[in-house]
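There are 2 protein chains.
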Amino acid sequence: MMKQSKSVNDNTKKKSLNPKDWELATLEVIANQGVSAVAVETIAKVLGVTKGSFYWHFTNRKDLIVAALKRWRKEDNKVISKRVLSVSDPYERLKTWFLLSSEPFQSHLIYATLLADRQHSYVSKVLKEVTIERLNHLQQCYQDIGYTETQAKQQSLLAYSVYVGYLHMTKTLHGQFKHDDNIDQYVQHVAGQLIHPPESISINLNTVESE
Amino acid sequence: MMKQSKSVNDNTKKKSLNPKDWELATLEVIANQGVSAVAVETIAKVLGVTKGSFYWHFTNRKDLIVAALKRWRKEDNKVISKRVLSVSDPYERLKTWFLLSSEPFQSHLIYATLLADRQHSYVSKVLKEVTIERLNHLQQCYQDIGYTETQAKQQSLLAYSVYVGYLHMTKTLHGQFKHDDNIDQYVQHVAGQLIHPPESISINLNTVESE
DNA sequence: CATTTTCCATACGGTTGCGTATTGACATTC
DNA sequence: GAATGTCAATACGCAACCGTATGGAAAATG
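Going line by line, the protein sequences match chains A and B. Okay, so the first sequence: first residue is 1 according to this note's numbering, each after it adds one. Okay, so the second sequence: first residue is 1001 according to this note's numbering, each after it adds one.
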């Protein structure tokens, strides 16, 4: 019952694997290469064992992926609860969310790759649930600062689209998801554009409409 | 030399296939299932032939995908040139771009799936080029309406992120990419948020900073 | 210390999909 | 109309993976 070693090729403390080891290694693959790249024998090799081990812990490949995604979702919720939902002021809460979105967490990479491999029903199911959950969080924030339900719905969709788009853009342009000063500046810019009282929406709209 | 039939299972007018037929069928697969789902024999079946035909027109699978993406990019540029770049007023040009982004073109689906399958170098290469090209377009628009280069860079990245994010969001939430009244309304909302004179940026920023 | 449980290695069968080799039908050209 | 070129069917080898079957080593259990 004493299994805490996280490193992959560490046979100093651990003699046998448990499902958690497989799930973490799987999430690593999903984050970098997507769900379709999850191959039992490949991950087994990473863990220093063979297939025989895998099929003792899991019934099949799908079982592994579902378990890994479940773990991902749980961990992700934990972070959001601790760092975002705990902020009482809605403006600050929104800003915190934007800042968190720009940090190079593995969780973000996983979310981004899931958007790709959503052909599989068990992936799209999780993805949809997580997305709706997060949209509701954002919508609530915007309603807290005075947006109507309709306004808040649209604004949260916009804000969340920025998040999703940003994940892809960074990987597309820089090949990876890293954090630097430019990004901090960009996050400030985005926050300035997307976090403001509801009144300024109609002002901006009129500005454009009258053009 | 008389080959213009586009329909897939139409053996009334066409007796033999050409590379274009294969490329179009491939783009259809990429749009709906991603690059990794491109299988020679499967597409052959769709076209009503076998592999034997394929390896006469193309050297291998990668060759097919590269050719298909090249065609996609060419067609896409044609549409953007005709419908967006031709608009002289920068505000209207931006708005046109947003409206175009919401239309259910196959081209958008392809772009979205490419974001997924960018493990392959020949995919990420095209993807990066296209993305940079489009970002430059947007940046120029924003500079045309008075943004500084830095502001325009950030704002175009923001706007383009919204586009990319939106593509994924609709597929994630609705399972497909369709056009309805809600979307029109949303596009109006987005345009109102992201298209405005440069001055209002600092105003909004101050609003948030002072909170 | 004997036995059971835990965890894994090895070997096998089955499927999918790529690419090649060979042959053939049909049209074009000389 | 014989030779050549175009396009496609068929058969094959090969590699990657999945999942199963089976046996074995080490640890826990009695």
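Derived from the structure by calculation, the hints contain no laboratory data. All C-beta atoms, glycine included, are put in the ideal place defined by N, C-alpha and C. Careful: at least some of the hints might be erroneous.
To be verified - Partial pick of chain B residues on the chain A-facing surface, computed with a CB cut under 7 Å: (1) F1105; (2) A1116; (3) L1127; (4) V1130; (5) V1162; (6) T1172.
To be verified - List of simulated lysine to aspartate or glutamate pairs, EDC-like, C-alpha gap at most 16 Å: (7) A:K153 with B:D1184; (8) A:K45 with A:E28; (9) B:K1171 with A:E28.
Inset, instruction - List, from low to high, the hint numbers that the structure doesn't satisfy. - result: Violated hints (numbers, rising): 1, 4 and 9; every other hint is consistent with the structure.
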